[in-house]
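Position chain B against the provided structure of chain A, taking the given hints into account.
Chains A and B supply the protein sequences, listed in that same order.
Per the numbering used here, the very first residue in the first sequence carries number 1; after that it's consecutive.
Per the numbering used here, the very first residue in the second sequence carries number 1001; after that it's consecutive.
Rather than coming from a laboratory, the hints here were simulated on the basis of the structure.
Backbone N, C-alpha and C define an ideal beta-carbon position, used for all residues, glycine too.
Hints may be right or wrong, so weigh each one.
[Stated by the list, open to error] Covered stretches of chain B (chain A as the covering partner; in silico rule of three or more C-beta atoms under 8 Å from a C-beta of chain A): (1) 1002-1009; (2) 1053-1061; (3) 1065-1077.
[As the list claims (entries may be wrong)] Facing chain B, a subset of chain A residues (Cβ under 10 Å, in silico): (4) 368; (5) 416; (6) 698.
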Amino acid sequence: MTVTESKPSYKYVGTRPVRHDGLEKVTGRARFAADLNMSGQLHGIVVRSPHAHARIVSIDTSDAEAMDGVKAVITGDDFPAVDPSHRQYDMCINVIARDKVLYEGHAVAAVAASTRDQAQAAAAAVKVEYEVLPAVLTIDQAMAPGAPLLHAHMMTAGANPPAEEPSNISNVTRFSGGELDAGFAEADLVIEREFTTQPVHQGYIEPHACVADTGQDGHTTIWCSSQGHFNVRSSTATLLGWENSRIRVIPAEIGGGFGGKTTIYLEPLAVALSAKAGRPVKMVMTRDEVFRATGPAPGTKLRIKLGVKSDGDLVAGDAYLIYTNGAYAGPGGLLGAMTVFESYKIPNFEIEALDVVINTARSAAYRAPAAPLTAYAMETMLDEIAEELGIDPIDFRIQNAVTEGDPSTMGFPFARIGFVECLEAVRDHPNYKAPLGPNQGRGVAAGYWFNIGESSSATVNLNEDGTATVVTGSPDIGGSRASMALMAAEELGIDVYDIRPVVGDTEAVGFTDVTEGSRATFATGMAVVEACRRMVVELRGRAAKMMGVDVDDIDWMDGQAVYTGSDGEKAPLSVAEITAKAKRTGGPLTATGSLEAHGAGPGFAVHLCDLEVDPETGVVRVVRYTASQDAGTAIHPSYVEGQIQGGVAQGVGWALNEEYIYDSDGVMENPSFLDYRVPVASDLPMIDAIIVEVPNPAHPYGVRGVGETGIVPPIPAVANAIYDATGCRIRDLPMSPIRVLDAITSNGGSNGS
Amino acid sequence: MAVRVHLSSNLRGPTGGVAEVEADGSTVGALIDDLDRRYPGLGDALRAGVSVVIDGLLIAHPEYEPLADGAQVYFVPQTAGG
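Okay, chain A solo, but in the shape it has when bound (with noise of 0.2 Å):
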């Protein structure tokens, strides 16, 4: 269902073509990383510490160096010393450890041989002397007085006044507006609320992979999948203390990313091992690797306080936001301080968001970070007020609605949104009156997500016989390719079955930023459209000279160079006749777009979560959804549809189920998916996607992003929802069984408020 403002008449955007990768991904075709083998290729193996916090007091791999079939082990000693004050330096001594190891499974040195099973006996030979440290596991822990420190050189970034010593809080944020205590005075009714979350995995089905072959001349080739290789090849020349112009990053096929991969792990290893060893080096982690060293996105500490008048509209706000980034300094608070008052009109409100570390595996992006929890948050106490106040959950919401013009958290006022235009659908949706079963319930919650733009170019490649190919940089993670092609068929009229959207590598296209912030159709989009723009012109300049009359006379039109002049009439020419006679015209016909991206428009979504409780044992079983999104324009609405199908599901696993564990030494104790439990297809239903459509002024088609904003809903909806059904307000993630149980169960019936 797609609710549509008017908008052009589009002949190719906005229809629904089979992916142009699809049949090779639904029939194995598709070469993911892992699926790439060299002749004569070793085989990598990380070793990793045991312990969450320790300094390394000496390794010795002597007894690795000499077992059979071992032709490489490195350290952190192969690798240029890197400064705390280098803008990367988190990541370099994540990707392989120096003095200190600053949690358990981080990297400390990496074997390759010619098999994995003598890769895996040769890293279990490498001798790492330790001296464990206190490890800090938790935010209590973090910023208790006296606590052990992660980071000697940390100084509190934000502070006022400025930190005099050194802490595990690395930033400060905050954000006000209005008089808070005057907010608070005008207000009828005041609740606070505290809330927990824990860290969660992106849990992408694709473990991290590569395959790097370095030259005897310097240069390297890395396959690998990421969101984005050209931060691979900056990252990897970066720890190597290589210029970028020695390695050429090749984009394997990605098996799910969501934030995760946009930094990386494993390259740079591989690059070293296979220049040591003089022989390509394949590294694939096992999923123990990827939960224990990868991902996982910030567990938090949440507590705000809403005061709202009798007649609904919210007056004051004040929130008090705490985000582990892991063992690193993270921008979850930032990010949280930014969205949690960020859709709605809150005229008094202060925020203050801090950043704090611990020694858990380096917090990485997940679709829209940080945001579905200040959602979780923020969602859940208005569903408290508008019962409270006796007033529709979705018409509460209406009326505090941001909308165009409306300032921002951080103060710019908003350009044309359609946040109320999603919670319309959802409330005029019959979903939103259908009947509910014995122990079921009803919850909705809204989401939001800045979305970015960044750095894209593209390249259009006519060819002899008028079909194209449009190569980007960007990684296709979510079906992008089919959007390019579809851009790309509007603006040059040849048919999107005869454009072949390509993915190219570092040497083949230009500069491009990572795949992220719902950034690739949008930012990549733009890029295609301006090389099919001037492709546009160069076809008309052609075209002129086959007609032998003045190019201001060409218009172009559905794919033809059409005469406009008025020396008599002159036959149309197709993309085909003028590729036909390029070499005589002037040669092949190829043109470029790169940008930088301005003006990614704001995602805004609603969801509908109906769900049934058992009551005996408290499982939760979502038997209805229903997801409003923005799209601005739906490029491909399939893949709009399938954006926000996908973070519904992720959502509404990371909403019951998933968390990590870990024991009193900060090991983690379920790092499979048998013991983190991802919902699978048969946990869902089919999730009713309704594309609301509010152009993004700032793009030629109008698009917004899709991918992340789908995410954030899903955790408030489900809360919401169970309350519906059981009257207990849960404020601690996941709301897996037993809290559930035991929410039932204790307290009447209710957990609190």
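For chain B alone, coordinates are given in the frame of chain A:
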């Protein structure tokens, strides 16, 4: 070019908490230089991972972005994504 500058609340330390100030600059970079002259220390804060919003457009790397006389420039923290 006279420009109206709006600072998100986390950037107002050097202005003594003032949210809106006047400054001059034909580009965002020149504007930041002028702001630093008027409010010492603000320049460093604005060059460290700050985006701008001008006429509703979010611009992540605005140093050379031209400014019209009377422009309204909002400085905001840079965002990331997944």
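To see whether the hints hold, each was checked on the structure:
Judged by the Cβ-Cβ criterion of 8 Å, the region 1002-1009 of chain B is covered by chain A as claimed, because 4 of its residues qualify and three suffice. Given a C-beta distance limit of less than 8 Å, the hint that chain A covers the region 1053-1061 of chain B holds, as 7 residues qualify and 3 suffice. Coverage of the region 1065-1077 of chain B by chain A holds [criterion: at least 3 residues with CB-CB distance below 8 Å; count 3]. With 10 Å as the threshold, the beta carbon of residue 368 (chain A) comes within range of chain B, its nearest partner Cβ sitting at about 6 Å, so the hint holds.
The interface hint given for residue 416 (chain A) holds, since its Cβ lies 8 Å from the closest Cβ of chain B, which is under the 10 Å cut-off. The beta carbon of residue 698 (chain A) comes within 6 Å of a beta carbon in chain B, closer than 10 Å, and the hint placing it at the interface holds.
Hint check: no violations occur; every hint is consistent with the structure.
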